[in-house]
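The listed protein sequences correspond, in order, to chains A and B. Residue 396 in the working numbering sits at position 396 of the first sequence; the count goes up by one each step and never skips. Residue 73 in the working numbering sits at position 73 of the second sequence; the count goes up by one each step and never skips.
Calculated directly from the structure, the hints in this document are not laboratory data. Watch out, some of these pointers could steer you wrong.
[Unchecked claim] Ranges of calculated distance between the beta carbons of each label pair, as one might list FRET restraints:
| no. | chain 1 | residue 1 | chain 2 | residue 2 | range |
| --- | --- | --- | --- | --- | --- |
| 1 | B | A91 | A | A262 | 41 to 49 angstroms |
| 2 | A | R105 | B | D100 | 37 to 45 angstroms |
| 3 | B | R134 | A | C439 | 42 to 50 angstroms |
| 4 | A | A455 | B | A130 | 39 to 47 angstroms |
| 5 | A | P403 | B | T29 | 51 to 59 angstroms |
| 6 | A | E71 | B | P209 | 32 to 40 angstroms |
| 7 | A | C439 | B | P124 | 36 to 44 angstroms |
| 8 | A | R438 | B | P65 | 54 to 62 angstroms |
| 9 | B | R18 | A | R55 | 56 to 64 angstroms |
| 10 | B | E125 | A | R55 | 34 to 42 angstroms |
| 11 | B | R134 | A | A299 | 35 to 43 angstroms |
| 12 | A | G323 | B | R18 | 46 to 54 angstroms |
[As the list claims (entries may be wrong)] A few chain B residues that face chain A, going by a derived Cβ cut-off under 10 angstroms, partial list only:
| no. | residue |
| --- | --- |
| 13 | P25 |
| 14 | G47 |
| 15 | G89 |
| 16 | P92 |
| 17 | E93 |
| 18 | G172 |
| 19 | H177 |
| 20 | R181 |
| 21 | R183 |
| 22 | G194 |
| 23 | P203 |
[Unchecked claim] Just a few of them, taken from the derived set where beta-carbon distance is under 7 angstroms, the chain B residues facing chain A:
| no. | residue |
| --- | --- |
| 24 | R28 |
| 25 | V30 |
| 26 | V83 |
| 27 | D107 |
| 28 | V108 |
| 29 | A115 |
| 30 | V159 |
| 31 | G178 |
| 32 | A204 |
Note that the structure is a prediction, hence the values are computed from the model and not measured. Note that CB positions come from ideal geometry on N, CA and C, so glycine has one too.
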Amino acid sequence: MTGGPRVLVVWCPDWPATAAGIDAATAGAVVARGRLAACTAAARAAGVRRGQRVRDAQRRCPELVVQDRDEAAEGRLFETVAAAVAALIPRVEVVRPGVCAVPARGPAQFYGGEEALRVHVQDAVVEAGFDCGAGVADGLFAAELAARQDGGAIVPAGGSARFLAPYPLAVLERPELAELLARLGVRTLGDFAALPAASVADRFGADGARAHRLARGIEPRPLAPGAAAADRAARTAFDPPAERAEQVVFAARRLAAELHAALAADGVTCARLGVEVGFADGRVLERLWRHDGNLSATAVAERVRWQLAAWRPEEGDADAVWGGAAWLELVPDQLVPDTGRQDGLWGRGAVTDRVARAADRVQALLGHGGVARPVLVAGRDPGERVVRVPVGDLAPTDRPDGPWPGGVPDPAPAAVPPGPLPAEVTDDAGARVAVSARCAVSAPPARLAVGGGPAVRIVAWNGPWPVAERWWDPPRARRRARFQLATEDGRAYLASVEHGNWQVEAVYD
Amino acid sequence: MAEPARTLAGPLPGAAPRPAVPVLPALRTVVPGGLRPGSLVGVAGHGSGSLGLALVAGVSRHGGPDRAGGWCAVVGLPEFGVVAAAGMGAAPERLLLVDDPGDRWADVVAALTEAVDLVLLRPPERPGAAAARRLAALARRHGCVLALAGPHAAAWPGVRLRLRVAESRWEGLGAGHGVLRARRARVTAEGRGGGAWLWLPGPAGEVAPADGGRPRLEVVA
């Protein structure tokens, strides 16, 4: 079996860092959830690596510029690259922000050979102001690795398996599989590809079999005949035309949910999803997104938002909406059998239809973030222990774990306001109670007034418990002294002093 | 899909009455038999936070069609203590939180009454007579209990059951030492006698029957 169609991949190095506005020549990194998601070449030269903790990276490279990851900006900015490529070859597929692919066979004939095409595309992207590599190979996986090779390379037809053989297993981006294989003495894609396919499928399941197909240089899944894709398109019209992106995004979420349900009913999923937005003046905005059955309806809507956000500013004024969006169409592309994906207990499946409908109605009234489901996580403050996940989004997977010295003991407070409430705690003489740096209290607290309300007598108290957080990170460091105060009206409070000011963090109501 | 059809049509005259919406076992002494489906419940005064949590926990743990757990929504209470509710037995995965419904709160509650078994609501303003009637009618039709908290709950017409904490005392805290361990609270239903002494919450966050025991300290497991 051959390795699928010839594909040209354009790969922009360190895209998250580029999108965050960090110049490639300065040492910089982008952080998501405490770990480096990407870093620039200059940072890499100093020993900084993806996946490191921020403080490890800063130890190796003290002048490191650190920014938070902004995925929306990545998607938006990459539209510029996709547009530059689309000017040469119209059918651009955005694999993910930072990587896009085009079919190579036809354009290569038009531009006079694959090398000419490759150089042409690369020049166009560099012209647009971004570093990139471009590679041509059989299939997406090999082409992306070819693009990452020193400015790009061409792997001859049928040569993908040989090209891939020396690569380490890490390029498969399946760390658990790679670790297991390494213990079996399998260290490169070539070693892995030499294993019998049936045994790999037996031992590692559908995902392992997919990885094995990649390693052998063939498409991860057998391509299904592309017939019957068009009539599955989900389409909605806006009458009058939608003036705000929010309307289109909201409709996209509903359409995507319908589309997913229809596809799931037939046991198929799509490799790519075409999103087409038609405007009142006849213009059509078209983009392909990689799907592979991994996108939730919300993730699809998010891509529609990126697509709209990236295109609207081009006109530069309020009329940039081109008369408003008249219709939206989601076209599944390349239908393949759905090999199944285990939805966690936290999947959409846990939400009953009635609840989902009601949540949709509330989201229509208040916006996507208006209704949330709480997820309990570990943490020190009462407020940190609950994460609110908008209905329809997936819960965060990598949750921080303990220990949490200085955490608040059970029972948990009944009322945790979103932010601390200013308070005043005074002693018998009416003077504000102060806590020294050595955690000594100036006088026993006697009265508490919350938020400028009347003072209530304190009948019992404890404290102070010092809580020093993130002392290694001066801008975010906090140092507080905590108290529990019980008042004569039967309530109790979790209060703290920070910089000499009293605040109530939670109420045991 | 017999279920939505039934809820759309509302209870048929002469049909079997809906089962009561359950409360936590410890609260059954105060609210025998549970809450009437479609009724309005008020919680007020100090301790109303914990009472709201306990109502949500009861439905979340014992409610739903097969008594294996029902859905609850919390509207307009951004400070709702999810950890404390979980300690009382609530399942966070069956909670919907609408922290800031703004001036659309009535529409939000109307949408939610169709789907969940209990809505805990703090109206951000004094409800208009029409809005109150509409929400009460929707709650009756769908068998959803509307629990009202906050300063505007008292003005809500048609509330038959009002729960409050008549007196309470925290245990475990001294003058400069100890830690809040549990609260002994006398919970009453307005106009229904003396109420019951409960741990609200107990040392592990649970709600359990307690004695009114004045000075005696006892070990609670």
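Verification of the supplied hints:
One distance hint, 41 to 49 angstroms for the beta-carbon pair A91 (chain B) and A262 (chain A), is violated here, with the actual separation near 31 angstroms. The given range of 37 to 45 angstroms is broken by R105 (chain A) and D100 (chain B), whose C-beta atoms sit roughly 54 angstroms from each other. In this structure the supplied range 42 to 50 angstroms is violated for R134 (chain B) paired with C439 (chain A), their Cβ-Cβ distance being about 55 angstroms. About 41 angstroms separates the C-beta atoms of A455 (chain A) and A130 (chain B), a value consistent with the hinted range of 39 to 47 angstroms.
Our hint of 51 to 59 angstroms for P403 (chain A) and T29 (chain B) is violated, since their Cβ atoms are close to 40 angstroms apart. Taken as a hint, the range 32 to 40 angstroms is violated for the pair E71 (chain A) and P209 (chain B), whose Cβ atoms sit roughly 51 angstroms apart. Between C439 (chain A) and P124 (chain B) the Cβ separation comes to about 40 angstroms, which falls inside the hinted range of 36 to 44 angstroms. Under the hint 54 to 62 angstroms, the C-beta atoms of R438 (chain A) and P65 (chain B), about 59 angstroms apart, fit the expected range.
At about 58 angstroms, the CB distance of R18 (chain B) to R55 (chain A) agrees with the hint of 56 to 64 angstroms. Roughly 49 angstroms separates the CB atoms of E125 (chain B) and R55 (chain A), a value that falls outside the hinted 34 to 42 angstroms. Here the CB-CB span from R134 (chain B) to A299 (chain A) is close to 36 angstroms, well matched to the stated 35 to 43 angstroms. Checked against the given bound of 46 to 54 angstroms, the beta carbons of G323 (chain A) and R18 (chain B), roughly 52 angstroms apart, stay inside it.
At its closest, the beta carbon of P25 (chain B) sits 18 angstroms from a beta carbon of chain A; the interface hint therefore is violated under the 10 angstroms criterion. For G47 (chain B), the shortest C-beta to C-beta distance to chain A is roughly 6 angstroms, which falls under 10 angstroms, so the interface hint holds. The closest approach between the C-beta of G89 (chain B) and any C-beta of chain A is roughly 13 angstroms, which is over the 10 angstroms cut-off, so the hint fails. Evaluation of the P92 (chain B) hint against chain A yields a held restraint, the C-beta minimum of about 5 angstroms falling below 10 angstroms.
Satisfaction of the interface hint for E93 (chain B) is found here, the shortest Cβ-Cβ separation to chain A being roughly 6 angstroms, below the 10 angstroms cut-off. The beta carbon of G172 (chain B) is positioned within 10 angstroms of a beta carbon in chain A (closest approach about 9 angstroms), and the interface hint is therefore held. A distance limit of 10 angstroms between C-beta atoms decides the matter here; for H177 (chain B) the minimum to chain A is near 6 angstroms, and the interface restraint holds. Hint status for R181 (chain B) relative to chain A: holds, with the closest Cβ pair at about 8 angstroms, below 10 angstroms.
A hinted interface residue such as R183 (chain B) counts as satisfied when its beta carbon comes closer than 10 angstroms to some beta carbon of chain A; here the least separation is about 7 angstroms, so the hint holds. Annotation: interface hint on G194 (chain B) violated; nearest CB of chain A at approximately 17 angstroms, more than 10 angstroms. Checking P203 (chain B) against chain A by beta carbon gives a least distance of about 7 angstroms; that is within 10 angstroms, so the hint holds. Annotation: interface hint on R28 (chain B) violated; nearest CB of chain A at approximately 21 angstroms, more than 7 angstroms.
For V30 (chain B), the interface hint is violated, since its Cβ never comes within 7 angstroms of a Cβ in chain A; the closest pair sits about 17 angstroms apart. Annotation: V83 (chain B) was flagged as interfacial toward chain A, and the flag holds, the nearest CB pair being 4 angstroms apart, inside 7 angstroms. The closest approach between the C-beta of D107 (chain B) and any C-beta of chain A is roughly 6 angstroms, which is under the 7 angstroms cut-off, so the hint is satisfied. Here the hint on V108 (chain B) is kept, as its CB sits about 5 angstroms from the closest CB of chain A, short of 7 angstroms.
The restraint placing A115 (chain B) at the interface with chain A holds, with a minimum CB-CB distance near 4 angstroms, inside the 7 angstroms limit. Proximity of V159 (chain B) to chain A is violated relative to the hint, the smallest CB-CB distance being about 20 angstroms (cut-off 7 angstroms). Hint on G178 (chain B) holds. Least Cβ distance to chain A is approximately 5 angstroms, under the 7 angstroms limit. At a threshold of 7 angstroms, the smallest CB-CB gap from A204 (chain B) to chain A is about 6 angstroms, leaving the interface hint in force.
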